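Trainee: Chains as they are written, first to last, in the numbering used here: chain E, 1 to 85; chain V, 1001 to 1487.
No wet-lab data here; the hints were simulated from the structure. Being a predicted model, the structure only gives us computed values, none of them experimental. Glycine is no exception: its CB is placed at the ideal position from the N, C-alpha and C atoms. Don't take every hint at face value.
As a list, the in silico DSS-like pairs of lysine-lysine whose alpha-carbon atoms are at most 30 Å apart [claimed, not checked]:
no. : chain 1 : residue 1 : chain 2 : residue 2
1   : E       : Lys-7     : E       : Lys-35
2   : V       : Lys-1407  : E       : Lys-75
3   : E       : Lys-75    : E       : Lys-31
4   : V       : Lys-1287  : E       : Lys-31
If you anchor each label on the Cβ, the simulated ranges turn out as follows [said to hold, decoys possible]:
no. : chain 1 : residue 1 : chain 2 : residue 2 : range
5   : E       : Gly-63    : V       : Ala-1171  : 48 to 58 Å
6   : E       : Gly-9     : V       : Leu-1120  : 54 to 64 Å
7   : V       : Gly-1309  : E       : Gly-63    : 46 to 56 Å
8   : V       : Val-1018  : E       : Asp-10    : 34 to 44 Å
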Amino acid sequence: MAVKFEKVGDGTYVLDVQGYVCPHPQLYTKKGLEKMKQGEMLELVFDNPSSGESIVAMCKAEGNEIVSQEKETGKTTMHWRIRKS
Amino acid sequence: MSSLPCNAVNVDTTPVLVTEPRNVIRAFLVLGFFALVSLSTFAVDHRFIYFSAYLWFGFIYGMSLQYGRFCMASAIRDLFAVGVPRMAVGIMIAVVLFSLISAFVTVAGKSTFHPSPIGLYSVIGGLIFGIGMIYTGGCASGSLYKTGEGSMAALLVVLSLSFTQVFVVDAGGWMNHLVPTAWTQSALAKGLPAAITPTDGWYDQFLAGYVWDLTAHTVGELLGFTNIIAAAFIGNSLINSIIPAVLILAGIYVRWYRKGYLRGNEAQYRGISTEFAGYWSMITASKRTAIAGLVLGVAAGLHMWVMQGLQHRLGIANAGELLAGMGYTSGLSIQDTLFDPGYFYITTQEAQAAAWIVQKLGFNVMDSIFFGLDNGVPNPLLNPVLWMSIALIGGAAVMALLNNEFKFKIPTPEIATWAIFGGILMGIGARVGLGCNIGAFFATVTNGDPSGWLFGLGMTVGGFIGVKFFNWWIERKMSKEMAAFDL
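So that you can see chain E by itself, here it is in the shape it has in the complex (with noise of 0.2 Å):
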């Protein structure tokens, strides 16, 4: 599965990354919230867990506000809601 970024609405954007590892799903955050402008939202949809970490960290480092963390039921893929400082 390639990574997939896509617009699904004003000023939000779908960043997904299943199916890679470390360090693939966090640089790819990095890079689409650089690009993004203020106030906008992502939507990262990520299945490697040790990403999750270095995520908050990185946000919480640049001032990105993590909106939702949810996880679906039985599995390890995560969808989290990330709005650009």
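Starting from the structure of chain E, add chain V where the hints point.
Mentor: Just chain V, lined up with the frame of chain E:
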């Protein structure tokens, strides 16, 4: 995908973990398997307890590594790529604790550690290894624990670095001409057994003609301490481990953490006390990583104590003697020895397993110093140190299952390519550097061996180079993905 799936479970930043019942059962099955192996082999011959000691320490390492997502690749990569110091901090905590326990073990006369020669090879090996681990996404121990999480990409890394090591230590032909004549002459002068053919194989000449001519000392020895307590605690632990770790943490704080910390504490800035508070905040920022670092450091120190105690109890100095006494002589080196470090180690035992397969395919690798003279190529089922690696995967699987994080994942062709390519570099780096992030760095710096910092320096520079390339690669791919949008 614009909306979340209807079966999504909302979790906050501190979720209460409820392990799924099927995962609890699976975890107990894995645990039961290793318990059964321990008990049944002990019933056959009590001397298998030596194997089980490696096994259970491997299991603890696997659980700790997975719990803290402990990975040297992550430590270096996250610093340079995304500015996150969490893992680098955890590793420095483990270094400090392991060094203190090691000092106790040394003073008690129970240490199994021998320092490596000090030379430029450590930096070069570390550099190659460091580049490789960034491409694979995991260091040697990280790839093992991620295999336990169900990642087949990580298993590919382990396989790639294992078979590459076999090639590196056995390659001859035109590669013999890559080494300086002085190394060849020096190797010949060592009077090695004819079966080793020291002039055929560049690695044999590298070892016998270069590495063996270097000197190996701990910092305690280099500083001339004659009192073992001073040598272990002041030379090895304080000077070689604790002070460098504290200074590295200070550097990380200033470069990557301070700005973000002060941003949230501007109103209460009180000079040096605020700086110390920020330093401490960085250390305790990820409790999971800190706890894992603590457990790893203590377990790694106790591991040496237990193995030395067992060697004393069983009347052996090396696992080769144990196997020979048990009637298993196949695969021992010509000195009747077997790779048996007596502490946390990765890569050599995996290389032995790969070499065993290569030998079964009809190739002879026992004419090398690495396998034939030193480490042997035993049946993988009778390799005690390999039991540690297998159990490390099992321990990680148990922890991943209990955290609902186990998932059997087949890599995409892109990820598989990175895994194999990076694994090749890691295999080359591990042999040139005489170890990996564990054997050539973690276990060495904590036992007062300055060569570990040389490997660490190379690994950090290699990691930086790897990150620069990866940044370019992902920037290029992301630009294509985002080209259609006004960003």
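Trainee: CB of Gly-9/E to CB of Leu-1120/V, is that within 54 to 64 Å?
Mentor: Since Gly-9/E and Leu-1120/V have Cβ atoms about 56 Å apart, the given range 54 to 64 Å holds.
Trainee: Can you confirm whether the C-alpha distance between Lys-1407/V and Lys-75/E stays at or below 30 Å?
Mentor: 8 Å, holds
Trainee: Quick one: are Gly-1309/V and Gly-63/E within 46 to 56 Å, going by C-beta?
Mentor: 52 Å, holds
Trainee: Regarding the pair Lys-75/E and Lys-31/E, is the alpha-carbon distance no greater than 30 Å?
Mentor: Holds, at about 26 Å.
Trainee: How does the Cβ-Cβ distance of Gly-63/E and Ala-1171/V compare with 48 to 58 Å: does it lie in that range?
Mentor: 51 Å, holds
Trainee: 34 to 44 Å was suggested as the range; check whether the CB atoms of Val-1018/V and Asp-10/E agree with it.
Mentor: Holds, since Val-1018/V and Asp-10/E (Cβ atoms, about 37 Å apart) stay within the stated range.
Trainee: Within a Cα-Cα threshold of 30 Å, do Lys-1287/V and Lys-31/E meet the stated pairing?
Mentor: Cα-Cα ~28 Å, so holds.
Trainee: Do the alpha carbons of Lys-7/E and Lys-35/E lie within 30 Å of each other, as the hint requires?
Mentor: 13 Å, holds
In terms of the numbered hints stated before, the structure departs from none.
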